[in-house]
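Chemist: Dock chains B and C against the given chain A, drawing on the hints supplied.
Chains as they are written, first to last, in this note's numbering: chain A, 1196 to 1744; chain B, 198 to 492; chain C, 1247 to 1564.
Keep in mind the hints are simulated off the structure, nothing from the lab.
C-beta atoms are modelled at their ideal positions from N, C-alpha and C, and glycine is treated no differently.
Some hints here could point you the wrong way.
[Stated by the list, open to error] Calculated Cβ distances over 10 angstroms to all of chain A for the following chain C residues: (1) G1324; (2) A1332; (3) I1353; (4) A1357; (5) K1372; (6) P1406; (7) S1456; (8) K1465; (9) R1523.
[Unchecked claim] Have a look at the derived ranges for each label pair, beta carbon to beta carbon: (10) D1574/A with L239/B: 38 to 46 angstroms; (11) E1459/A with G1317/C: 57 to 65 angstroms; (12) P378/B with G1380/C: 44 to 52 angstroms; (13) L239/B with D1621/A: 29 to 37 angstroms; (14) G1338/C with S1673/A: 48 to 56 angstroms; (15) N251/B with T1520/A: 53 to 61 angstroms; (16) G1256/C with A394/B: 35 to 43 angstroms.
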Amino acid sequence: MVRKGATSGRFPHGTCDPTSLKKVTYSSHRNKPVPRRSLLQLGGLGALSLAGAACTSADGPVALPQDAARGEPSQGGTLRIARPANSRAETLHPAASLSAYEYLGALYNRLVKLDEAGVPVPDLATDWEVSDDAMLWTFRMRDGVEFHDGRPFTASDAAYTLAQILDPDLGSPQLGVLAPVMSASGLRVQDPTTLVIELDSPHSDLPSLLSAYQCYVIPDGSGGEIGATGIGTGPFRLDTFRAGGRGRVLAYDDHFAGRPVVDEIEFYSVQDTQARTNALIAGQVHLLSQSNLDFASAQVVEASAKATIARVENGQWYTIPTLATSPEFSDVRIRKALKLAYDPARILAVAAQGNGVIGNDNPVLPTDAAYLDLPHERDPDRARALLAEAGHPNGFSFDLSTSALDPVFTPMAVSFANTVRDAGFDVSVRNESADSYYTEVWMQKPAMVTYWFTGRPVDQLLNQIFRSGSSYNESAWSNEQFDSVLDAARAEVDPDRRIQHYQDAQRLIVEEGATITPMFADRLVGISRDVVNYHEHGFEFDYINIGLR
Amino acid sequence: MSTEAKTSEVLDSPTEPKQKRLRFGGNGTLIFGLVLIGLHLLIALLAPVLTSHNPYISDPDAALYGPSATHLLGTDQYGRDVLARTLYGGRYALQVTFIATTITVAIGSALGILCAHLGGWFDMVIMRLIDAILAIPSILALLVVVTVFGNSIPVIVFAITIVYTPAVTRVVRGAAMAVVPLDFVTAAKARGESAFAVVLREIVPNVPGVMLVEYAMRASWAVLLISTLSFLGFGANPPTPDWGLMISEGRMAMTVVPWSVLAPIIALSTLVIGLSSAADGLSGRLGVDRLSKGA
Amino acid sequence: MLRMILIRLGTAVLTVLLAATLVFLAIQALPGDVAQQVLGQDATPAAVEAMREQLGLDRPVWVRYGEWLLGLVTGDFGTSLVTGEAIAPELGIRLRNTLMIAVPTFILGVALALYLGLVAGLNRDKTPDRVASGIALVGMSIPEFVTATLGVLLVAVTFPILPAVVIDGDQASVVELLPATILPIIVLTISMTAYILRMTRTGVIDAMASEFVVTAELKGVRRRDVVLRHALPTAILPTLNVLAINVAWLIGGVVVVEAVFNYPGLGSYMIEAVHNRDLPVIQSVAVVTAIIYSLANLAADVGAMLLDPRQRTRQEAS
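One chain only, chain A, in its complex shape:
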């Protein structure tokens, strides 16, 4: 359960056209290639003989690859994935808060999924339409799809799935996003291939909310046992599953989008990031999921014979939520001072070695159509003045929590603490237990470093993580004006005016909010050199085309 906040529970959002992003690039000498074999062998020998000086590359690190390998895979084979298990209480129920994230995409489908630009595209629903007042949505279901147990998929399965999410007893993380606009009584199965949703309040972009990973479709009435059976319509069917343990899925020959390339996927639960990385380097697994490797580990992986690095561009949204309800940060002037004081470029350089873009305290990715460009300005003097105005002329001290849960956390916390010192902030970095980070620290301690996956559509993102009272509102920031702007955006049918509302919302977050967003970093994914056609963006993982050489 413990990682829920960080990992499957809190994947944050999706990206659009990655090529348009401006990257902070390496200084030129760093791109000098070093033959990887020799680096590894010499490195190993160095450790052996304690003659390390002879073996390191004095030229510094090697450049990491930009793209995962593409190519013609051989048909079949077993793909082995190491993942950090959510908890020993994890389940295959997609709507539950403790779901086993990696299995979901393999076992199930949603009504809609997101393309690389973050636009909803058909999955189990083939098309949809909305009434002019954005109150009545009609989804048409794909015909001829069968669940793994042979039952045909119909609109009542889709209705049941949504009803599950809307059931407060299940405590689904998506409940807070969907409940403001719809209730179970508004779900109507018009015929086996038509689902009509009558909303309680207007929403002009409902499909994007249904692309969340809690919305994977399960068979009608299966809520009691789906957590163990995992029966869906996805490209793989469940063979074995054990919470917090090992599991296996087998290719589902009758999948509507075609049979997957590999015959089976084995999932292993390895909690320790270092152990996962070692397993990859030693060739025990092919892929590390939900693991952003730190720069050093990435270097070691890249230098190894069996493994390499793939990227999910800007896949990690790093945040420093400062609890708006805490005595330290309830004063907006202190929050503003902190934002003025820190240096995002420095954090991006130290913590992520420039692999990403700076965040400007705006949770929306610069590639998103709704993005509001408000460049972050650093002004320690003004920060100091604001602090004095707030009653702290001699400086302000607080604790910043970090953990080994993600390797970027600690360098990010440390460089943050260093950059705000000029403005009179005295920050003590506190190392907390990784396993209870999201139960004991997240939303409890006044300030901490954390991350989300990028990949959430903008409406989902703003409502789930910033709206007053949302279960994922990690900074406990509550702003009525912000909430009403979001309501206006949901009700707005005109796309341009809707974007205008979302931009107003972003401005409020940047200027008033309690969340600091220093950067979006590339997720450096450890992957075997045998794997081809790995593709992952946001919460979309391509289980069908991934294959082995």
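Modeler: Frame of chain A, contents of chains B and C only:
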């Protein structure tokens, strides 16, 4: 055979003078140990003089570089100077070790001597409690304490005290037991002196050898324990330069920049070797058989 | 002697009970609401309250304590708060896995330590002694997390002969785990041998200088016989105590090694339980290790009685 019998029996033999020189240590071992400890203390004190690099300052443009003229042992993954971090790295461990060991040996000795002197129920209850605490894995006790109260220095000192005090108590009690039946103590008791006076005047001066050896040995264990805690993420807070933390942070990059891990390993090991050698040498010199008491 | 053993057995039982009580009391102090943890951050207050009731957390501490102790006596370790399953089977698997490391380590460590200690002790202050003592000093000065890390790197990553880590978790069968036990065994044997070796060496030196060995030598008994029949048993006597402590260390203190190798043993079970506030599991692991510790001490005491040279000398005299 009761616990007392076992302990005092074990203690009997080494007090015979002819065996003194048979232990590990002679003066050579003691001096070797003291020199190593002194060296580490000096380095920790003089670190700012020995290196011009700041162990906290990261330089992303110089991350993961091998040894060079500017960075003699290269840089770690955040571009910090490995040598500077290693030189400063003993400060945290030495500080915590010194405080924790002093408290542990003080409390343990006091309890042990009291047990030996008072005997009876007091002794019974304390010894049973100590047996029970020793039966619980120390790392479990440590993790529970640190999880409950956080990882500040006072808490870690407290945790180490809990883990090591019972063992010290047992050993010192054994040593004091050997003294209690001796004539001068019995005579003092016969003179009708108060328990406190007897303990203070007659017993305490006769067990400092054991206490001193205990001190050196517990210190060496404490250093290991503190670095293990840091390694597991329960000890020093980043970016504190601490050997355990450095090993933990750098172990993945070992194939790329081995010195970022080897330097703290060498530093840590030499300090522990110094403390163990000092303990060996002391026990040889003072005729204290510490090895057989284990715990 | 039987009476002595019975008394020690009684003491051992008392120790385990006391240890269990201490652990129970200590973890009551853990912060964090267990029910909240089980349900996750998003649970409603009503659901948390229902869960508290279901877990029995609403009842007084002493009632839970009494029930728990009764359960222990009947071999019922309760149910895990996290998985909701009975603890006993999982505990059994973890104990088995740890024993797969601990038993070979113990046998290997004791054999190596006795042999090297004997060689060192008999060659006091000569080259073999200096080498063995030096290695022992270094061996006990390098923490296990260092040897383990070096081990993973060298054997598993740079020269891939053995698996780097266990990826199967606690579902791995004995056969699957076997290759993964080799590195942990090597790492643990190094530190354990270092500790015991020093003990044996001292014991051998003491024994060889003792009166009856000197007498035996004077009587013209062959040196080999003197060493094997007189010196070795005497030397083992003080070692027994250390062995008992090492058993406890092996069972409970392999946490670091299990963490580095991701090995599904008792140590990693314990860490998981601490992180998850899985109180019944923490208690169970503590009790199991306390039992093993007490048994090891009991065995050491009985062994000491059997080996006590004074007893034997008396027997020979009569």
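Chemist: Should the hint that N251/B and T1520/A are 53 to 61 angstroms apart at their CB atoms be regarded as holding?
Modeler: violated (37 angstroms)
Chemist: Find the nearest Cβ of chain A to the Cβ of P1406/C and say whether that gap is larger than 10 angstroms.
Modeler: Nearest chain A Cβ is 6 angstroms from P1406/C, so the label is violated.
Chemist: Is the hinted range of 48 to 56 angstroms satisfied by the C-beta distance from G1338/C to S1673/A?
Modeler: This hint holds: roughly 50 angstroms between Cβ atoms.
Chemist: Examine each Cβ of chain A, and state whether all of them lie more than 10 angstroms from the Cβ of G1324/C.
Modeler: holds (15 angstroms)
Chemist: Evaluate the condition: distance from the CB of S1456/C to the nearest CB of chain A exceeds 10 angstroms.
Modeler: Answer for S1456/C: holds, closest chain A Cβ roughly 42 angstroms.
Chemist: Taking the closest pair, is the beta carbon of R1523/C still more than 10 angstroms from chain A?
Modeler: violated (8 angstroms)
Chemist: Does the hinted range 38 to 46 angstroms hold for D1574/A and L239/B at CB?
Modeler: This hint holds: roughly 44 angstroms between Cβ atoms.
Chemist: Are G1256/C and A394/B spaced within 35 to 43 angstroms by their CB atoms?
Modeler: The hint (35 to 43 angstroms, Cβ to Cβ) holds, given that G1256/C and A394/B are roughly 37 angstroms apart.
Chemist: Does the claim that A1332/C lies off the interface hold, with its Cβ farther than 10 angstroms from every Cβ of chain A?
Modeler: The claim stands: A1332/C keeps its Cβ more than 10 angstroms from every Cβ of chain A (closest is about 13 angstroms).
Chemist: Minimum C-beta separation from I1353/C to chain A exceeding 10 angstroms: can you confirm that?
Modeler: holds (27 angstroms)
Chemist: Was A1357/C rightly flagged as not at the interface, with every chain A Cβ beyond 10 angstroms?
Modeler: holds (27 angstroms)
Chemist: Please confirm whether K1372/C is truly not at the interface, meaning its C-beta sits more than 10 angstroms away from all C-beta atoms of chain A.
Modeler: Correct as stated: the minimum Cβ-Cβ distance to chain A is 28 angstroms, above 10 angstroms.
Against the hints set out earlier in the document, violations occur for numbers 6, 9, 11, 12 and 15.
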